[in-house]
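Q: Please work from the sequences and hints to get the whole structure.
For reference, the chains in residue letters:
2 protein chains.
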Amino acid sequence: MDLWFTEKHTDNVKLSIKVDRQVYSAQSEFQRIDIFDSLEFGRFLTLDGYMMLTEKDEFIYHEMIVHVPMAVLPQVKKVLVIGGGDGGAVRELVRYPEIQQIDLVEIDAQVIEACKKYLPQTAAKLDDPRVIIHEADGLKFVRSKKDEYDLIIVDSTDPFGPGEGLFTKEFYGNCFKALTATGAMVNQHESPFYPVDAIAMQRAHKRIVDSFPISRVYQAHIPTYPSGHWLFGFASKHGHPLQDFDAQKWKARNLKTRYYNDKIHVGAFALPNYVKRMLEEME
Amino acid sequence: MDLWFTEKHTDNVKLSIKVDRQVYSAQSEFQRIDIFDSLEFGRFLTLDGYMMLTEKDEFIYHEMIVHVPMAVLPQVKKVLVIGGGDGGAVRELVRYPEIQQIDLVEIDAQVIEACKKYLPQTAAKLDDPRVIIHEADGLKFVRSKKDEYDLIIVDSTDPFGPGEGLFTKEFYGNCFKALTATGAMVNQHESPFYPVDAIAMQRAHKRIVDSFPISRVYQAHIPTYPSGHWLFGFASKHGHPLQDFDAQKWKARNLKTRYYNDKIHVGAFALPNYVKRMLEEME
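Chains as they are written, first to last, in UniProt numbering: chain P, 1 to 283; chain X, 1 to 283.
One thing to keep in mind: the hints can contain errors.
Heads up, incomplete: computed chain P residues facing chain X, CB under 7 Å, no partners named [unchecked claim]:
#1 Thr10
#2 Leu39
#3 Glu40
Bear in mind the hints are in silico, worked out from the structure with no lab data behind them. The model shown is predicted, which means the values in this text are computed figures rather than measured ones. Idealized CB from N, CA, C, for every residue including glycine.
A: Right, dumping it as structure tokens:
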């Protein structure tokens with residue numbers, strides 16, 4: 001058997017992964033959903049042919065999108081996760097006993113169902129009693145919310161297709177409004193390396209900068225995403241991701257992690273000059 | 001024209017780059033040398049079919065292998081570069097006026113000739129009067145050296161083929177001997193992500209740890225290398241890459257860089273837990 005999944009990272013770059021077998025395929029109302037087994041990465045999920053997660057490296061993305069804000073914010077009781085139907089962000093969030101409620105807003109219920117059945121590694125905690133699943137458009141869901149969430153995690157797909165609305169100025173403004181006074185929003189921020197991604201990244205970044213007084217970008221090594229150099233955005237009303245980071249408090253929690261640690265927290269905000277220029281040019 | 005260069009990162013993962021045309025191809029005494037033009041990465045060099053550098057992202061590798069040690073060491077007058085026939089490391093080194101001599105030891109003179117002709121972006125400074133090119137095996141060259149170099153940069157190929165000797169205990173021991181009392185060795189340290197690379201990386205790391213009292217690993221985002229998560233090793237007799245790093249001194253130099261900066265210097269040494277475990281397990 002010689003079966004390969006190939007993703008075009010640009011028109012001129014492709015990453016191919018040897019597939020053992022396809023375990024799921026469906027066309028939902030919103031997108032094409034596929035799940036494969038591979039030797040190198042274990043099971044992996046694609047949406048419209050774009051890599052969402054692999055069992056081998058999803059811990060990097062999910063730890064970095066959750067533990068960075070959790071180690072900064074003073075007291076997180078109520079969290080909103082937009083997208084993230086795979087359950088990976090929720091899995092990391094439920095490790096915090098102080099969190100009382102997690103609203104997961106996923107537009108595509110079929111993603112949740114598929115992940116529950118075929119990706120138990122990420123979806124395992126979607127049944128936690130603190131998790132409320134809303135089958136809804138995140139863009140619309142957040143419009144009616146005010147001063148309600150201590151943390152909003154925007155675990156979206158790319159800025160085209162179903163996830164497009166989650167990169168708009170209207171959306172960021174509504175997230176700001178939906179946050180409590182000490183709240184923060186974290187989003188997946190695309191990659192700086194390939195111009196086709198970087199242009200969308202810069203545009204979204206400018207909108208976040210315009211919507212929040214504090215906005216910083218951090219990075220992680222995610223080998224199965226285009227270029228392997230992935231960015232996240234941290235935006236808040238007044239909490240600063242470095243000045244308000246308490247390494248001792250994080251360590252005292254004794255949470256076992258495979259990527260994140262207190263040194264990584266600080267190091268992740270140290271961006272290469274070429275990325276800084278991209279972000280500052282837009283400010 | 002639909003021409004693609006494909007590199008297998010493992011048996012189960014391939015990265016493919018669209019090629020406009022091949023501009024050079026030769027079989028030297030040591031290896032197959034190829035140079036291509038591409039739309040996405042500009043011109044790029046492969047040895048035995050493995051990506052060595054692209055015009056688009058070589059600055060990341062060369063800045064990180066040179067400026068990290070240069071920002072730590074007190075006074076660097078004499079440098080040994082082993083491998084690095086493309087000239088990228090030399091290009092960054094000649095920016096330091098205090099460096100008086102750079103011995104470049106490249107086993108394959110044909111690599112130097114090809115890069116001088118086809119990759120002027122990296123090879124431009126190989127004619128600097130401080131540079132002495134030795135067409136020799138680095139493993140043998142360093143055997144006779146004692147207390148001579150303030151910095152040794154091991155800019156090798158992978159730990160198989162012509163570069164294999166540059167990952168041996170004998171070689172690291174000889175580098176230690178060849179360094180001055182304040183000297184340090186920096187090497188390209190492979191990637192931690194794919195097991196096939198990580199095993200070689202761990203083995204080499206253990207040998208460096210056994211040969212030097214101080215040994216630390218740092219990382220960079222290099223999109224065209226396997227996984228994009230690339231490691232470097234810093235090993236010294238007593239200089240510490242963080243405690244002896246002087247950010248003010250670096251900034252005062254006013255060297256323009258596209259990746260490296262003082263925050264990156266510190267952040268690059270913040271390794272993910274999964275990488276730390278790999279390195280500590282071997283210590």
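Q: Which numbered hints does this structure break?
A: none
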